Amino acid sequence: MSDQPVDPSKRTWLIASTCTGAVGGAFAAVPFVTSFTPSERAKAAGAPVEVDVSDLKPGEMRTVEWRGKPVWIVRRTEEQLKSLATDHDRLADPDSERKAYPTPDYARNPQRSIKPEYFIAVGICSHLGCSPASKFQPGAQPSLPEDWPGGFLCPCHGSTFDMAGRVFKNKPAPDNLEVPRHMYLSDARILIGRDEKGDA
Amino acid sequence: MAAAQKSPVTGVGPLNGVLTWVDQRFPLVSLWEDHLSKYYAPKNFNFWYFFGSLAMLVLVLQITTGIFLTMHYKPDATLAFASVEYIMRDVPWGSLIRTMHSTGASAFFIVVYLHMFRGLLYGSYRQPRELVWIFGCLIFLCLMAEAFFGYLLPWGQMSYWGAQVIVNLFAAIPVIGPDLALWIRGDYVVGDATLNRFFSFHVIAVPLVLLGLVAAHILALHEVGSNNPDGVEIKAKKDASGRPLDGIPFHPYYTIHDLYGVAVFLFIFSAIIFFAPEMGGYFLEYNNFIPADPLKTPAHIAPVWYFTPYYSMLRATTDDMTVVLALLAVLVGLWTLLRSRLRLPFKLGAFGAAVVVAWLLGGFKRLLLVAGMEAQAKLPMFAGFDAKFWGVVIMGGAVIVLFFLPWLDRSPVKSIRYRPGWHFWLYMVFVIFFGVMGYLGIQPPSPVGERLSQVGTLFYFGFFFLMPWWSQLGTFKPVPDRVTFQPH
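Order-wise, the sequence lines are chains A and B.
If you use the working numbering, the first sequence corresponds to residues 1 to 200, in order.
If you use the working numbering, the second sequence corresponds to residues 1 to 488, in order.
Since the hints were derived computationally from the structure, they do not count as laboratory data.
Bear in mind the structure is a predicted one, so any value in this text is a computation, not a measurement.
Glycine included, each C-beta is placed from N, C-alpha and C at the ideal position.
Fair warning: there could be bad hints in the mix.
Stated by the list, open to error - Computed footprint of chain B on chain A, listed as stretches where at least three residues anywhere in the stretch have a Cβ under 8 Å from a Cβ of chain B:
#1 7-20
#2 129-137
#3 151-158
As the list claims (entries may be wrong) - Okay, the calculated beta carbon distance ranges per label pair:
#4 B/Val455 / A/Glu60: 40 to 46 Å
#5 A/Val6 / B/Phe465: 51 to 57 Å
#6 A/Ser9 / B/Leu120: 49 to 55 Å
#7 B/Leu331 / A/Asp93: 29 to 35 Å
Starting from the given sequences, assemble the full structure and let the hints guide the process.
Listed below in structure tokens is the structure:
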């Protein structure tokens, strides 16, 4: 556009000042970007939760809130525990080997729990975060296979989980339900969000 | 200076003086002439050309009603649901303003989908209108963001769980995903922080970008001129004074014409607002009349109808689907290697890329499983990315592919009128699949629906990715020199 020759020193200074300005702009963006991360209040709300399960009968389930997420405590019946041994081949990750939601060592067993009877899991589907519904009744029913062993069904995208929160094969959810860090304070009192190794 | 060189405004009687004063300080006359009184639009516009101006009308409607809703709404997780009910019950005429806004959202998408379909029919995205189309696609993206952010605000069950699902889409991105989702939410689950920032995006950030894009869309259109149902360039044939022979001034001809469209639109729009504001659960979903409960997902959640075709594609991407995609990637790679006319390094590069894609899709894992090598198939190196991640890629890709339409379409003519008859039927199959996937996305998941969505998804992408080939096939009809037009 201009017919004047390029002045190299002017060009050098233009490039230098533009780059300096860009670096300054990037630094100025930091507070705005960081303001999006969880606030101190949100972080403080993530403290462990204590639950008393003495009045939970076999086959019953209780939901408590931890870090704004539903955490299930299911007291499984003998039949439900038996079903865990037979569905091995239909599961995507029967031995909880995947690392996306690491299963604590004390829950890396077929029951995925410390005490076989009590199952504790975060009730959030590993697909897109819906909360699956409990479908403990075995057998054919809507949206479930005819030989349904009992477990959980996610209403959003149809992922199914067995009575230990293990996901069935070829479903949208890639992972088993997350077992949060937890520990027994006494026989019937469970602390969710903390174990012997520390906070989750 | 410049003011002295402009001729005074004439022809507006008593306003001549004041408009001359303004025009000498602001490009009033040139703006009026460039965009209205001397913007020549083809005289053969048909029904499909109403939807551009209608989209503009709905935009104004949404902004106006939105401003008034903001006066009563509270972006706070404990107050939001009740404040919307307060608007519906206690604010004088509040329910009318709210249903105008909620119906307006659906109307916006109806009008925009029809507007985009018009572009597809008549090749309005073809050279020299590529940028008009790209600005349009960006507007569509902004509109989707605007609808998504806005849908959280009533803080009902559907708002809450819909946002939970969509934000978790980002968590599917390998490595950075979970942190990214946390950053978007500002909390471990969708909560007050999320609601507050979505409110900010919905009422100021996205609308500002949207308005800028609409201005760019119209400026680009007026630079190159409108296409028409014949796909003939009217600027190629001009009279002695340089006006296109087949063009008529936008004002008064099309301003009056579009007012007629506005009247018809408002008939239908008012009927919905007054008699069916929920539209049977499609415009306002029933579950959204229940306050958000972070501990309980409703039995069936689905996005609002305008997102469901893409949502179906997301649901269709299961482990089986990624294997089909891996197979397709390998086939495309082989074809490039053996049949394409690229130079050897490019061929090898393309083939290598296809193999990597097939690997990330988990294709090798499935191959090992079929070969009966269970132990090897379990090795992490063959795992690839989850089907969930590819679902997000497919869903995003379905919108992104639209941007490339101007370069995918290689047909020698623009308009469907002069293309081979089967092109029209191919478009119809595309529309039907889009509609079917839209329907399936509203329904609960089912095995048949899943298969249908998988076929639909493959057709959708096949339609676009194979367009460079199929759009050149068949016998094209001769395109006239001038537009076809019969005066009434």
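Status of each hint after checking the structure:
{"no.": "1", "hint": "7-20", "result": "violated (count 0)"}
{"no.": "2", "hint": "129-137", "result": "holds (count 5)"}
{"no.": "3", "hint": "151-158", "result": "holds (count 5)"}
{"no.": "4", "hint": "B/Val455 / A/Glu60: 40 to 46 Å", "result": "holds, 43 Å"}
{"no.": "5", "hint": "A/Val6 / B/Phe465: 51 to 57 Å", "result": "violated, 44 Å"}
{"no.": "6", "hint": "A/Ser9 / B/Leu120: 49 to 55 Å", "result": "holds, 53 Å"}
{"no.": "7", "hint": "B/Leu331 / A/Asp93: 29 to 35 Å", "result": "holds, 30 Å"}
Hint compliance for this structure: hints 1, 5 are broken, all remaining hints hold.
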